[in-house]
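Using the sequences and the accompanying hints, generate a full structural model.
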Amino acid sequence: MNHPLSPSKLQFDSDGKLHHFLTIEGIKRQTLTEILDLADSFLGTEGKAVKKLPLLRGKTVVNLFFENSTRTLTTFELAAQRLSADVLKINIATSATAKGESLLDMLHNLEAMQCDMFVIRHAQSGAAQFIAHHVAPHISVINAGDGRHAHPTQAMLDMLTIRRHKPEFGALKVAIVGDVLHSRVARSQIHALTTLGAAEVRVIGPKTLIPPSMQQLGVHIFHDMAKGLDGVDVVIMLRLQRERMAGALLPSEKEYFSLYGLTDEKLAMAKPDAIVMHPGPINRGVEIASSVADGPQSVILEQVSNGIALRMAVMSMVLGRSPQTQAAEDIR
Amino acid sequence: MNHPLSPSKLQFDSDGKLHHFLTIEGIKRQTLTEILDLADSFLGTEGKAVKKLPLLRGKTVVNLFFENSTRTLTTFELAAQRLSADVLKINIATSATAKGESLLDMLHNLEAMQCDMFVIRHAQSGAAQFIAHHVAPHISVINAGDGRHAHPTQAMLDMLTIRRHKPEFGALKVAIVGDVLHSRVARSQIHALTTLGAAEVRVIGPKTLIPPSMQQLGVHIFHDMAKGLDGVDVVIMLRLQRERMAGALLPSEKEYFSLYGLTDEKLAMAKPDAIVMHPGPINRGVEIASSVADGPQSVILEQVSNGIALRMAVMSMVLGRSPQTQAAEDIR
Amino acid sequence: MNHPLSPSKLQFDSDGKLHHFLTIEGIKRQTLTEILDLADSFLGTEGKAVKKLPLLRGKTVVNLFFENSTRTLTTFELAAQRLSADVLKINIATSATAKGESLLDMLHNLEAMQCDMFVIRHAQSGAAQFIAHHVAPHISVINAGDGRHAHPTQAMLDMLTIRRHKPEFGALKVAIVGDVLHSRVARSQIHALTTLGAAEVRVIGPKTLIPPSMQQLGVHIFHDMAKGLDGVDVVIMLRLQRERMAGALLPSEKEYFSLYGLTDEKLAMAKPDAIVMHPGPINRGVEIASSVADGPQSVILEQVSNGIALRMAVMSMVLGRSPQTQAAEDIR
Numbered sequence: 004m005n006h007p008l009s010p011s012k013l014q015f016d017s018d019g020k021l022h023h024f025l026t027i028e029g030i031k032r033q034t035l036t037e038i039l040d041l042a043d044s045f046l047g048t049e050g051k052a053v054k055k056l057p058l059l060r061g062k063t064v065v066n067l068f069f070e071n072s073t074r075t076l077t078t079f080e081l082a083a084q085r086l087s088a089d090v091l092k093i094n095i096a097t098s099a100t101a102k103g104e105s106l107l108d109m110l111h112n113l114e115a116m117q118c119d120m121f122v123i124r125h126a127q128s129g130a131a132q133f134i135a136h137h138v139a140p141h142i143s144v145i146n147a148g149d150g151r152h153a154h155p156t157q158a159m160l161d162m163l164t165i166r167r168h169k170p171e172f173g174a175l176k177v178a179i180v181g182d183v184l185h186s187r188v189a190r191s192q193i194h195a196l197t198t199l200g201a202a203e204v205r206v207i208g209p210k211t212l213i214p215p216s217m218q219q220l221g222v223h224i225f226h227d228m229a230k231g232l233d234g235v236d237v238v239i240m241l242r243l244q245r246e247r248m249a250g251a252l253l254p255s256e257k258e259y260f261s262l263y264g265l266t267d268e269k270l271a272m273a274k275p276d277a278i279v280m281h282p283g284p285i286n287r288g289v290e291i292a293s294s295v296a297d298g299p300q301s302v303i304l305e306q307v308s309n310g311i312a313l314r315m316a317v318m319s320m321v322l323g324r325s326p327q328t329q330a331a332e333d334i335r
Numbered sequence: 004m005n006h007p008l009s010p011s012k013l014q015f016d017s018d019g020k021l022h023h024f025l026t027i028e029g030i031k032r033q034t035l036t037e038i039l040d041l042a043d044s045f046l047g048t049e050g051k052a053v054k055k056l057p058l059l060r061g062k063t064v065v066n067l068f069f070e071n072s073t074r075t076l077t078t079f080e081l082a083a084q085r086l087s088a089d090v091l092k093i094n095i096a097t098s099a100t101a102k103g104e105s106l107l108d109m110l111h112n113l114e115a116m117q118c119d120m121f122v123i124r125h126a127q128s129g130a131a132q133f134i135a136h137h138v139a140p141h142i143s144v145i146n147a148g149d150g151r152h153a154h155p156t157q158a159m160l161d162m163l164t165i166r167r168h169k170p171e172f173g174a175l176k177v178a179i180v181g182d183v184l185h186s187r188v189a190r191s192q193i194h195a196l197t198t199l200g201a202a203e204v205r206v207i208g209p210k211t212l213i214p215p216s217m218q219q220l221g222v223h224i225f226h227d228m229a230k231g232l233d234g235v236d237v238v239i240m241l242r243l244q245r246e247r248m249a250g251a252l253l254p255s256e257k258e259y260f261s262l263y264g265l266t267d268e269k270l271a272m273a274k275p276d277a278i279v280m281h282p283g284p285i286n287r288g289v290e291i292a293s294s295v296a297d298g299p300q301s302v303i304l305e306q307v308s309n310g311i312a313l314r315m316a317v318m319s320m321v322l323g324r325s326p327q328t329q330a331a332e333d334i335r
Numbered sequence: 004m005n006h007p008l009s010p011s012k013l014q015f016d017s018d019g020k021l022h023h024f025l026t027i028e029g030i031k032r033q034t035l036t037e038i039l040d041l042a043d044s045f046l047g048t049e050g051k052a053v054k055k056l057p058l059l060r061g062k063t064v065v066n067l068f069f070e071n072s073t074r075t076l077t078t079f080e081l082a083a084q085r086l087s088a089d090v091l092k093i094n095i096a097t098s099a100t101a102k103g104e105s106l107l108d109m110l111h112n113l114e115a116m117q118c119d120m121f122v123i124r125h126a127q128s129g130a131a132q133f134i135a136h137h138v139a140p141h142i143s144v145i146n147a148g149d150g151r152h153a154h155p156t157q158a159m160l161d162m163l164t165i166r167r168h169k170p171e172f173g174a175l176k177v178a179i180v181g182d183v184l185h186s187r188v189a190r191s192q193i194h195a196l197t198t199l200g201a202a203e204v205r206v207i208g209p210k211t212l213i214p215p216s217m218q219q220l221g222v223h224i225f226h227d228m229a230k231g232l233d234g235v236d237v238v239i240m241l242r243l244q245r246e247r248m249a250g251a252l253l254p255s256e257k258e259y260f261s262l263y264g265l266t267d268e269k270l271a272m273a274k275p276d277a278i279v280m281h282p283g284p285i286n287r288g289v290e291i292a293s294s295v296a297d298g299p300q301s302v303i304l305e306q307v308s309n310g311i312a313l314r315m316a317v318m319s320m321v322l323g324r325s326p327q328t329q330a331a332e333d334i335r
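Respectively, the protein sequence lines represent chains A, B and C.
4 is the number of the first residue of the first sequence in this note's numbering; add one for each residue after it.
4 is the number of the first residue of the second sequence in this note's numbering; add one for each residue after it.
4 is the number of the first residue of the third sequence in this note's numbering; add one for each residue after it.
I should point out that these hints are in silico values taken from the structure, not numbers from a laboratory.
Do not rely on the hints blindly, as some may be mistaken.
Same chains, same label: a pair holds when it works inside one copy or across any pair of copies.
As the list claims (entries may be wrong) - DSS-like cross-link-like pairs, simulated, lysine-lysine; straight-line CA separation at most 25 Å: (1) LYS257 <-> LYS230; (2) LYS257 <-> LYS210; (3) LYS269 <-> LYS176; (4) LYS176 <-> LYS210; (5) LYS55 <-> LYS92; (6) LYS54 <-> LYS92.
Here it is in structure tokens:
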């Protein structure tokens with residue numbers, strides 16, 4: 004959370020408008036609500052994303068993924084295509100940066116090519132804000148996940164999914180379950196839920212995976228699933244990074260599942276109409292039972308659909324292209 | 004040919020309309036003719052594919068190629084672009100599926116992203132129908148080649164090429180030459196030719212590469228080129244998979260060429276106006292002599308051009324978007 | 004320079020119009036000026052490339068890069084997108100050509116798919132002209148760099164950049180500094196500058212990297228930076244291929260920088276308003292000091308912006324689609 008540059012200030016322009024989307028921290032409730040409203044307007048009545056809008060026609064969106072992620076990359080690519088943007092995917096492995104060109108030289112070259120938006124995924128915390136700090140004023144940067152720091156579009160698509168099922172955040176108890184220590188998703192969700200006024204945010208997991216400093220974020224810590232899930236409206240499961248198993252942080256997959264895997268029995272502790280969420284890809288039988296992932300309370304695939312609409316909303320908002328401004332331009 | 008799910012039924016919706024395109028088996032002659040007519044309408048007077056049509060505007064086509072095939076992948080990509088679809092190419096090697104996510108979870112995610120069509124290439128027979136069996140009702144699946152089973156768009160572009168040269172199938176003798184045992188192309192061609200009423204379908208090749216069960220498909224088996232090519236109107240050469248050479252199935256390349264390679268001398272056995280076809284990529288000097296591949300009777304490159312038009316026809320037909328329905332919508 | 008086929012003739016059609024763009028050699032001053040004028044018309048008042056034009060709508064551009072080059076590939080991709088072309092990127096590594104299909108068979112297949120333009124990058128000198136010699140008449144070939152031979156679009160974007168700062172070529176002294184021996188960029192720049200009537204073209208570098216035959220191209224050779232830069236209007240630095248260091252051609256990076264690296268001190272030898280250029284990616288501290296690369300006389304990033312406009316100009320010109328012809332067609 005402590006970064007030399009303050010991303011929460013960096014992401015606003017001098018008029019206080021959102022220009023980059025780096026972290027939920029420091030964004031006001033009203034702005035988060037505007038993003039959710041815009042995303043909602045892109046979702047049709049049956050929850051299908053609008054297929055094609057001209058909002059980013061003539062804009063070029065560059066996907067710069069320094070870390071593999073087919074799913075997130077694909078949703079950003081689809082969101083950009085459906086806003087009619089041109090999309091450029093840079094293959095980092097074969098780029099000049101791989102051959103010793105500095106990252107900033109590469110970015111300045113892309114700026115000179117009149118690109119308009121960089122979508123950044125990077126294994127290092129703070130990468131997106133470092134880039135946002137150095138790009139030309141006409142470029143918007145979207146953080147698509149940086150190290151353990153933040154994954155703000157994922158958190159916001161989760162908020163969109165929650166709100167479509169439970170419209171009043173003030174009435175909600177939400178539990179986040181799993182490897183909170185290493186999770187940029189959890190960190191961003193906590194900021195979003197707190198800002199939107201959720202009644203109670205809980206984190207549940209083994210002591211090795213919940214840093215005590217979490218409490219400063221205003222969450223309640225549980226190490227027992229039965230107690231943590233008791234009476235909650237929303238259960239958010241985190242993906243277990245299997246490579247953690249190698250270290251001393253975690254018991255075996257089997258033991259982990261028995262303690263923290265979401266089964267029908269454990270889910271019964273939550274409210275009967277509680278919804279179950281997961282950012283994907285899911286590890287069936289590790290952090291979640293198939294019967295729950297595919298069950299009636301699961302909204303996991305809705306999250307994916309909502310992810311397109313939410314990313315379309317953020318992309319059009321940071322470039323200052325809402326359906327309203329577009330309509331105004333069409334009239335001129 | 005024996006698959007647990009019947010692909011021939013699976014590919015029709017409850018109204019009997021083609022919804023997936025998995026195999027030629029079970030498709031009526033009238034429907035095959037409609038596909039050929041639509042493809043023909045996309046080909047200009049000089050046989051050039053129409054460059055850009057809005058039939059799939061706002062639709063997203065996903066190319067899921069589990070097996071390398073630049074040529075087929077490229078023609079599907081071009082066909083989708085020329086129908087104005089958005090095209091997504093999933094890099095299977097770096098996808099979450101490679102990291103242990105189940106194939107079905109990946110597909111359900113792509114469905115949730117409001118994709119409309121999956122074009123599948125897979126080394127395993129039955130892969131496309133397995134996927135068609137499990138996708139959501141709004142998704143159409145196109146089989147771009149599955150194991151030894153079927154390659155229906157290849158077979159249909161071959162039918163289109165034949166028909167543009169020899170309009171009456173009922174009058175035609177067609178020979179398919181080479182490794183029929185391992186060829187999904189041959190299997191699909193035989194079904195198409197039989198359904199379209201070809202007078203006679205022959206297969207020619209060494210005994211090790213022609214399964215005796217072939218006769219059940221209504222073809223005549225030849226092991227001698229001179230006899231097999233005698234009087235035919237169409238010669239379809241199959242690509243020799245060089246990796247077969249390693250096993251005991253085949254003699255040396257040189258011996259294979261001397262027995263079954265198509266030379267000018269062997270071609271002289273066929274009718275003087277016979278056409279020569281090959282699905283590509285060709286192995287010059289292995290299954291076909293350069294003088295034949297580049298000669299006046301070769302229509303190999305026409306097959307490539309026709310492949311774009313044929314794939315445009317199938318894609319627009321399974322999504323229920325013919326030029327007629329499009330025109331009707333434009334009026335509304 | 005000696006090639007069996009004359010690329011300078013090959014690139015014109017029978018009406019003398021530019022049909023391929025292979026080399027600057029043999030193109031008349033008037034045609035080069037037309038290219039620059041058209042590129043200029045694509046650059047807005049602030050030097051930003053026009054974002055989207057319909058000049059190549061319905062055309063398919065194929066990028067065939069046999070050599071890695073993210074930067075050049077990206078600018079061609081963006082230029083094609085901004086002209087509304089469909090763009091196809093062939094992955095050479097996984098293509099059938101990698102599996103033994105001949106290059107010409109692959110090209111003839113792409114032709115049959117109704118592609119309209121091949122953009123070729125190849126490690127071998129003469130590759131683009133070999134391809135241009137063999138393609139169908141409706142295909143245009145653009146050389147995006149072939150071995151040590153030519154890189155004509157790079158040279159022309161450099162001319163565009165020079166002209167926007169120093170409109171009269173006849174008054175200009177230009178110095179090209181570095182590894183001229185291995186540089187296709189230098190070779191093309193020399194032809195362009197000579198044709199456009201530059202007052203004096205100098206090449207500066209160690210004896211091992213300046214072939215004596217250079218003098219036949221009408222340039223002055225210098226081995227001393229102070230003398231070579233004296234009074235020039237334009238300094239063009241070449242990228243040092245670090246792999247040359249391994250051989251006997253070059254001293255250490257440090258010694259090279261001290262002798263031929265462009266520092267503020269050395270730049271002071273040139274005219275006070277001289278501009279500094281580099282094709283990128285730059286090796287900071289090897290051939291150029293950061294203070295110069297990022298300094299007030301550097302136009303390195305302008306070159307990148309101009310590169311998009313210049314490539315748009317060449318692409319639309321070889322396909323015979325200028326804004327004027329487009330307007331005429333729109334009226335019909």
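Hint-by-hint comparison with the structure:
In this homomeric assembly, LYS257 and LYS230 come within 25 Å of each other (Cα to Cα) only inside a single copy, at 21 Å, whereas the closest approach across copies is 66 Å. Within a single copy, LYS257 and LYS210 get their C-alpha atoms as close as 18 Å, which meets the 25 Å cut-off; across copies the closest is 53 Å, which misses it. In this assembly of identical chains, the alpha carbons of LYS269 and LYS176 lie at most 25 Å apart only when taken from the same copy (16 Å versus 68 Å across copies). In this homomeric assembly, LYS176 and LYS210 come within 25 Å of each other (Cα to Cα) only inside a single copy, at 21 Å, whereas the closest approach across copies is 71 Å.
Within a single copy, LYS55 and LYS92 get their C-alpha atoms as close as 20 Å, and across copies as close as 19 Å, so both meet the 25 Å cut-off. With identical chains, the CA atoms of LYS54 and LYS92 are at most 25 Å apart both within one copy (21 Å) and between copies (18 Å).
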